[in-house]
Structure formats: C-alpha cells, structure tokens
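*Asks:* Residues per chain are reported as follows:
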Amino acid sequence: MKRTSLESGLLIGCLSLFFIVLGVTSLTGSLVQDWFKLSSPILGGWLLLFLMTFWGGTLAFKKSPSKSWSETLRTGLSVGLVAGIMLALTIWGLGTLNAQAVPIREWLVQLTPAAIAMLTMGRAPVVAALLMFVVMLLAGIGGAAWAYAALHYQWRSVLNTRWLSARESVINMSLVQKYQQHQYSKQIAYGVGALVLLTAPLYLGRYWNYTLGTVGLYVILGLGLNVVVGMAGLLDLGYVAFFAIGSYTMALLTAPQPHDIVMSFWLALPIGVLLAACAGVLLGIPVLRMRGDYLAIVTLGFGEIIRILSKSDVLTDFSGGPRGVRAVGGPMLFGLNLNNEFYFMYFIILGIIIVAYATHQLQRSRVGRAWMAIREDEDVAEAMGINTLKYKLLAFAMGSGFAGFSGALFASRNKFTGPEDFTLLVSINVLSLVIIGGMGSIPGVIVGALVLKGLPEMLRQLDDYRMLAFGGLLVIMMILRPEGLIPSSRRKMELHDDESEALVPDVLVEGGEV
Amino acid sequence: MDRSEAQSRPKRYIDFGRWIRLGIGVIVVGFLLFRLWNVLWIERAYGLDTWTRFAVSGIILGSVYAVVALGYTLVYGILFMINFAHGDVMMLGAFAGYFTLEALKSIGFLNRSVGTSVLSVIIAFSVGMLFSMLIAVLLERIAYRPLRTAPRLVPLISAIGSSLFLQNMAQLAFGAERHTYANPDMIQRNSGWMVMIQGKEVLITYTGVLTLVISFLLMVGLFLLVQKTKMGKAMRAVAQDKETAALMGIDVDQVISNTFAISGLLAGAAGVMWGLHMGILYHYVGFIPGMKAFTAAVLGGIGNIPGAMLGGLTLGILEAVGPAILGIPFQLKDVLAFSILVLVLIFRPTGILGEVLSKERA
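Residue numbers (the working numbering), protein chains in the order written: chain A, 1 to 514; chain B, 1 to 362.
Please keep in mind that the hints were generated in silico from the structure rather than gathered at the bench. There could be a bad hint or two in this list.
[As the list claims (entries may be wrong)] Straight line, CA to CA, 20 Å or less: simulated DMTMM-like cross-link-like pairs of lysine to aspartate or glutamate:
no. : chain 1 : residue 1 : chain 2 : residue 2
1   : A       : LYS311    : B       : ASP334
2   : B       : LYS105    : B       : ASP185
3   : B       : LYS105    : A       : GLU106
4   : B       : LYS333    : A       : ASP313
5   : A       : LYS311    : A       : ASP421
6   : A       : LYS390    : A       : GLU378
7   : A       : LYS415    : A       : GLU341
8   : A       : LYS62     : A       : GLU7
9   : A       : LYS390    : A       : GLU376
Remember, predicted model here, so these are calculated numbers, not experimental data.
Just chain A, with the same shape it has in the complex:
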C-alpha cells in the first residue's frame, strides 16, 4: 500500500466526516428524495459518501506512479480501507450514542436522530457500520478502476472529437452559414435578445419578476463594484454603505414619515446617486492613499459604521432607526403609477443596460486604461504621469454612484428600507459575484449575479449552505482560477503571465512580488 493513497483515503474520510457534521449528507439525501420521489433519504446520503470515496479512488490512482492493474486494485483498496474504517467507526459511534438516547443534537445541531437514522439505515449500528465499510471498499476500488478505464479508453478525447464534429456540422449547415454571412446578422441577434428582455417581465409572473429584479439590482451593484475592484484594483469591503446611502436618500425624500418631504421619484433618484457619489469622494480623499489591504479594512469599518448608526437609537428621529422607513414613494409617469414589480423590472433592465454601456465605454477609454495601469502597479502608473489619486477617486465615485442608483431603486421597489437590508453580507455577496464572475469583465458580473443570486433563489433548501459555499468558492477560485468564470482577456493574461516567464529562474526576476 502506498503512502499517498493512504493519505488520499484519510483526506476523503475527513471530508466525509466534515460533510456529515455539517449536514451535507442529510441535505443531499432530502434533495435526492425530492427529485426522484423516493420513500426515504437514505439513498442520497449514502450516494454522496459513495461518490466521495469513488472520487478518492480516482484521485489516488492518478497520483500513483505506476498504472498497472495490480496498482489500481491496491490504490483503490487502500483508499476504500481508510475511508471505510473512518466512516464505519463514525456510524457505529453515532448509532450507539443515538440508541442510548444521548442528545448529540445539543452539541452538533445537524446530527439529529433522523440524520443518524439515515446514516445507519435504521439498522443496528454494527450492521450499518459493516455495510458502510464494504460499500466504501467497493467505492474505492470502483474509483480506481474507473480512472484506469478512463486512462485506457480515452473517453475524454473521444467525446471531445464528437463534440467538435457536431459543432462543425452545425456551423457548416447552409442555414447557419447564410445567417452568418447576412449583412445584419449581429443586429438581428441583438434584436432578438432585446425582444426577449423586453417581453420577459410580461410572462414572468409576480414572484419571478420580484426575484429576478433583485438579481438585476445585484447586477447593477456588481457592475459598480467591478469598476472599483475589477478595473481600478481597490478592494472595497464597505460597498453596502453607498447602497444604503442611495436607499435612505430615496426613502427619506419620498416617504411621508419621518420628514414629510414627499418628493417625486424622478428628482430623488439623481439626488440619491449624487449623494452616494459624494460620500464615495469624501471617504476616498483621506483613505485612498493607503495600501490596498488597509483600504479593505477601512472601507469595511465604514460600512459597519453606517449600519450601526442606521440601526442605533441616535438617528431614530432622522432616519427611522431600527424600524426603518415605510411607504417609500414610487415612480409616476404621465399620471400613471408605475409602482409594481412588473414596471420595476423594466427600470432595472434599463438601468443595467445604461450602467453596462457606461462601464464598457469607460473601460476602453483613457480613463479605463489609467485604472488598469493603477491596478497593475501604482508607482509605475504615477511615473507614467497618471494622477493616481484623481483616477482612484473617480473610480470610487463612479462605483459609489452606481451603488446609490441601485439602492434608490431597491428602496422604491420594496416601498421600505431599514438597517437590516444593509449588512456586511451584501458587500460580501457583491464582492463574491464580481470575483467569481471575473474581475473587470462585464459579462462575468452578469453571469456571476445570475449564478450566485439566482440559483439560491431557485433552490431554497440550499439557503443555509449559501454563504458556506460562497466562502469555499472564493478560496477555490483564488487558487484555481483567479481570473473568474468569464474573465476579461487582459486580466487572464496578467494572472497567467508567470507561466510564460517560467523559463527564467526565480532568483533572476528582480522586484517580482514575493
């Protein structure tokens, strides 16, 4: 038995235990039960554990130097053995404790009697443990065998050629060819896209308009933060503060309580954007001279200050305190009340188009290039004659303004605003979607928002695990694919340029970042 395969087994075993403690197994069990209309969640939970060990087997086989049949058996066995022993002992222990009515649940919340019953299949602990051991052994061997088979039969390249040839044949179809050569092919594509977008709110129903509207607001937020983080490279963790400022401005100016100003939506919107941008500049002037990581902390502190202030009793008379502001006004156009999810969807789509267009144009302009220069190396940018403070302030102001815009729409659409809407989680959400979508990439932000904000809306059961997954995703993305899902081409080159420099020994690269 090789040490590496034992280590793989240990890793897989630990991960499985971790999943059991966090309740991921129970979650998979109930999801599988729902989807396939099964009578019990046992299959899903065991399937997850099986797949984990299976994966461990393939991993161990890939790591092992020899690729013979006997090696396959050996690696698979050792992975299965280690993971099997760990899981079997756990199940036996949990089952025994459960049978003696020890309240495990008081300490580890996810290990409810139901969850433990799922793991033991409702049988005696010893039987379940033995069963688990055998299943894990099989899973390990199966995984290694699968890797062996994949190595010998080259599924992947076969599938790849199939896919390529299928793509080729579609492209070569006369209809597609004709369309691509058509004079207005691009315009037609845009037209269809626009038509779908414009008619979407009509057949989407109330719930989906609301949900997708939230996603849209996050797209606007993400596009704004993309300017700050993605283009200018300033890590802003208090982005929610500007969202809050826009939101509160809209609320205080249009709601009858607490100030009775009842201004028109159309006037309050630009004021909210302006105020948020001004707040960005005011925070930026002293703060933007700092190093990148200090900036992150200060903005984080600023965001918390705004939230604590809006929540405290000090400002109750001014901004409603913990109760928030009710009856925020909505837009009226030609005497028509546009204040519902349906019309707001149009506003949001329009807002996204405007913001996306503006940032796209900025990115390709002199300003955008200055931002990129600052992001890559501030000292060099300064030496090239860029007034770094000015451009950093501009980025900050633009980002804050977009956040204010999103916040104003948010308050008006919900007809309510309160301190609970502006937690640190909003900042983290927006940052995650920008980073996971791809820093500096506009389509990346849109896809990121759809994935991170839209998917959890569809899978409500996963809600508890959302932030856990975000945290894990951020780390994994940074290690494996720091440029994001849909990277901007320039960023991708920057983050992977070390591969082209690999020929030069490290010691000779002067001034490289260490």
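Got chain A; can you put chain B on it based on the hints?
*Replies:* Relative to chain A, chain B alone:
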C-alpha cells in the same frame, strides 16, 4: 543663457489631502478636549467608582484584544497579509473550550473540588488552543500557501472567503443560537473581589483577573519565544527577507507554518478567555473582536509585537471610557472603535510605535 529661466515655472500642486487631514485633525482634537473638560468639570455625571469600573473593564477587554492582535501582527509581519479569518479562528477556539467544559461538566468533573476545577480550566485552555492551532495551520496550508506568489489582492480575497467559510461552518455545525459558557462554580462570571471606592462597591471579577494574568503570561511567553529561541530568530529572519533566509538554510514554509501555529494558539487562548469572561458564544462572535484586534494591531504599529500589546490595551480603555467622554450612547462603542481605526490610518498609518516591516515594503 541660464537654462532654468528658459523653462516655464513649475506648476504648484496644492495637496488638498493634507489640508483636509489637518482640518479633520483640528476638529477631532478640539471636540475631544471640549468634551473632556465638559464631562470632568461641568457635568460630573460619573463618580470615581464609575470611572474605575470603566477602566477595569477596558483593561480586561484590552488584554484580550492584545492577545488577538498579536496573531494579526505576527502573520502580517511575515506575509504582509491581513489574516482576515483570525477572528474566526478565535471563535472556533472558544467553541472547542466550550465543548470541553460542557463535557467535563456532564461527567461531573468540573465542580468536584478546587483541584478538578483548576484542572478543567487548564484542559479547556489546552483544547481550545490546540484546536485553534490546528485550524490556523490548515488554513495556511489550504488557503494561503498556494497563493504566496500571487498579486496582493488574491490572498486577501482568499482570506475573506476563509473567514466566511469558518463562520458559516460554525453556524451549521453548532447552531445559530447563543451558547452560554459553563464556568466552574469558583469562577462564576458575577463573582469576584469587592473594592470600595468612595463608599461604593466596585466588582473585580475572578474571570477578569484570570484573563489579565493569562494574557500577560502569553505576551511574555511570545516575546521570549520571538527574541530568545532559535525558532524566533528564524521567524525574524523570514520576516526581514524570505530569499536570503532561504539561502541561509531556513525552511521558509515551515517557519510560516509555525507562525500560523503560534497565532492560532494565541487566538485559541483568547477565545477561551473571551468565553469565560463574556460568557456568550455564537458563530459571529469572532468578527467584531477580530476587527477590533486588527484595529489594535494597526494602532500600535502593525508587525510590531510590543505595539500590538500597547494598541490592544489602548483600544480597550478608549472603548470603555470613550462613550462616557464623548457623551454618546454605549450602543455606539463599535462605531468608536472603527472611527479610531480610520483616524489612525489617516493620520499615523504606521501606528504609535511604528511599523516593523522588511525592506520590501519600507
């Protein structure tokens, strides 16, 4: 012909930032002096006993901040990275201590006699510290080591992700409700020595004194470790210059791992102290103390070990006394701490005692 005359006069740049900073400084200092005068001589809202109470709680809180801040400072000194997840490492250490105490209580060991109580507290500290150390080392191994040569933003984002992950992991595994720490009977949270000041009783709790003593011991221990041992020497060498240290035969990876281990030990101890003294524990408990400890580290000068201790105590006292002096509700003491952070970073980003940074960053 004199060439300098032929050139146009250089354009004068007005440093707006400097004037704005100066303005903010004058306003803040003026306001503080005004309030101090007002509170001490005009309003006289608090007697000496209340001030003592504030100071005691400030010093105790400050010593916890100082211990956590040491972890930030150690890691920053070596990797120039804010270990965002440090507060959450502390939280996990507190949970480990909590479970240990609960387990000891359920088998009736916790309150059997004075000896077992003391032993229980020692066991709880050891378990909490070891667990935190494990988490910190794993964190470094998984989330930070692969990113050591990446641009600066990348490890920072990874750290934020880890923080989020650890927090939610704790919430999922241990539940979102608040847990109450099981103190041994002899050091209940409301018991302590009574001190008479101006005819009024001021309670100095046993847990508070315990916290103070342990954090003092930890700080001394750390100082000796860094200054007197071979490992500390290697850490200082790596902090100054990684390449040269590696050329001198120091295993840089191992040293960085050790640094994280030490910061984890400190965080775990701080977590258990926090639990014993404050009594309330939940998954979010690491965030605010973590932020404040970072503030303390910056206040004292990041990368500077005595600075972190000084910064922690200063911040603790300011936080306890500040709301009374400023005349703001105690609800806003977190705002005060964050404002101090912002002000320090604006006016003296190198902190009170100055940063200790290597030549790369100086």
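*Asks:* State for each hint whether it applies.
*Replies:* Here's how the hints hold up against the structure:
1. A/LYS311 x B/ASP334: Holds, at about 12 Å.
2. B/LYS105 x B/ASP185: Status holds; Cα separation ~11 Å.
3. B/LYS105 x A/GLU106: Holds: B/LYS105 and A/GLU106 sit about 14 Å apart, inside 20 Å.
4. B/LYS333 x A/ASP313: Between B/LYS333 and A/ASP313 the Cα gap is close to 13 Å, so the pair holds against 20 Å.
5. A/LYS311 x A/ASP421: holds, 11 Å
6. A/LYS390 x A/GLU378: holds, 13 Å
7. A/LYS415 x A/GLU341: holds, 11 Å
8. A/LYS62 x A/GLU7: This hinted pair holds, its Cα atoms lying about 13 Å apart.
9. A/LYS390 x A/GLU376: holds, 17 Å
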